[in-house]
Amino acid sequence: MTSVEGHTAEPWKTSNPTADTAKVQSASSSSFRRWGRNYPFIRYGLPMISLTVFGAVSLGHLLQGSKDIAKVKDDQEWEIIKTKKALSRTGPIDAYKLKKISLEEELKALQQKVDINNYDYKEFQSQMKATQASILCSQSKRFLS
1 MTSVEGHTAE PWKTSNPTAD TAKVQSASSS SFRRWGRNYP FIRYGLPMIS
51 LTVFGAVSLG HLLQGSKDIA KVKDDQEWEI IKTKKALSRT GPIDAYKLKK
101 ISLEEELKAL QQKVDINNYD YKEFQSQMKA TQASILCSQS KRFLS
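The sequence shown begins at 1 in this note's numbering and counts up by one.
These aren't lab readings, by the way, just hints derived from the structure by calculation.
Among the hints, a few may not be true.
Restraint ranges, calculated between C-beta atoms of paired labels, are given here [as the list claims (entries may be wrong)]:
hint: 1; residue 1: 82; residue 2: 46; range: 47 to 57 Å
hint: 2; residue 1: 55; residue 2: 77; range: 42 to 52 Å
hint: 3; residue 1: 75; residue 2: 43; range: 47 to 57 Å
hint: 4; residue 1: 114; residue 2: 136; range: 34 to 44 Å
hint: 5; residue 1: 126; residue 2: 105; range: 51 to 61 Å
hint: 6; residue 1: 82; residue 2: 48; range: 22 to 32 Å
hint: 7; residue 1: 117; residue 2: 67; range: 55 to 65 Å
hint: 8; residue 1: 57; residue 2: 80; range: 34 to 44 Å
hint: 9; residue 1: 118; residue 2: 138; range: 18 to 28 Å
hint: 10; residue 1: 118; residue 2: 67; range: 35 to 45 Å
hint: 11; residue 1: 85; residue 2: 107; range: 45 to 55 Å
With a Cα cut of at most 27 Å, we get these calculated DSS-like pairs of lysine-lysine [as the list claims (entries may be wrong)]:
hint: 12; residue 1: 122; residue 2: 99
hint: 13; residue 1: 113; residue 2: 129
hint: 14; residue 1: 71; residue 2: 82
hint: 15; residue 1: 84; residue 2: 100
hint: 16; residue 1: 82; residue 2: 67
hint: 17; residue 1: 84; residue 2: 108
hint: 18; residue 1: 73; residue 2: 85
hint: 19; residue 1: 71; residue 2: 85
hint: 20; residue 1: 99; residue 2: 85
hint: 21; residue 1: 108; residue 2: 82
hint: 22; residue 1: 100; residue 2: 113
Ideal Cβ placement from N, Cα and C applies to all residues, glycine included.
Start from the sequences, fold in the hints, and give me the full structure.
Set out below in structure tokens:
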């Protein structure tokens with residue numbers, strides 16, 4: 001089987017390799033286009049879902065990074081304030097000691113302040129009586145005018 005330039009023993013094969021790749025590419029691109037027509041989820045749904053998921057994940061990473069940076073800056077500021085003014089996040093260091101409070105002591109203090117046995121009855125107007133009184137006043141002013 002000898003081949004002559006331009007003539008091959010296998011007539012269906014061409015000697016031009018670029019023509020072969022062009023045929024393969026056109027065949028694969030047309031099948032890919034067919035997928036979009038036959039299966040619209042692959043063409044529209046899959047890209048949208050993937051963009052949504054990847055976008056949410058990337059935004060989560062960006063937000064976490066900004067929170068970390070803000071926390072580091074805040075800690076650095078507090079370290080500076082702490083060294084300059086001897087402050088902590090709750091207030092001055094060793095400035096005061098919290099007093100232990102019990103409910104019984106608070107009740108005794110409240111009972112000494114308020115005497116529940118001596119009281120005066122004071123009448124107050126309810127909302128209904130107040131509106132009726134204002135209506136009567138406005139009607140009497142119209143009648144007198």
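Against the structure, the hints:
{"no.": "1", "hint": "82 to 46: 47 to 57 Å", "result": "54 Å, holds"}
{"no.": "2", "hint": "55 to 77: 42 to 52 Å", "result": "33 Å, violated"}
{"no.": "3", "hint": "75 to 43: 47 to 57 Å", "result": "50 Å, holds"}
{"no.": "4", "hint": "114 to 136: 34 to 44 Å", "result": "38 Å, holds"}
{"no.": "5", "hint": "126 to 105: 51 to 61 Å", "result": "38 Å, violated"}
{"no.": "6", "hint": "82 to 48: 22 to 32 Å", "result": "50 Å, violated"}
{"no.": "7", "hint": "117 to 67: 55 to 65 Å", "result": "58 Å, holds"}
{"no.": "8", "hint": "57 to 80: 34 to 44 Å", "result": "36 Å, holds"}
{"no.": "9", "hint": "118 to 138: 18 to 28 Å", "result": "40 Å, violated"}
{"no.": "10", "hint": "118 to 67: 35 to 45 Å", "result": "58 Å, violated"}
{"no.": "11", "hint": "85 to 107: 45 to 55 Å", "result": "39 Å, violated"}
{"no.": "12", "hint": "122 to 99", "result": "39 Å, violated"}
{"no.": "13", "hint": "113 to 129", "result": "34 Å, violated"}
{"no.": "14", "hint": "71 to 82", "result": "16 Å, holds"}
{"no.": "15", "hint": "84 to 100", "result": "31 Å, violated"}
{"no.": "16", "hint": "82 to 67", "result": "22 Å, holds"}
{"no.": "17", "hint": "84 to 108", "result": "43 Å, violated"}
{"no.": "18", "hint": "73 to 85", "result": "18 Å, holds"}
{"no.": "19", "hint": "71 to 85", "result": "21 Å, holds"}
{"no.": "20", "hint": "99 to 85", "result": "24 Å, holds"}
{"no.": "21", "hint": "108 to 82", "result": "40 Å, violated"}
{"no.": "22", "hint": "100 to 113", "result": "21 Å, holds"}
Hints 2, 5, 6, 9, 10, 11, 12, 13, 15, 17, 21 from the list above are not met by this structure, while the remaining hints are.
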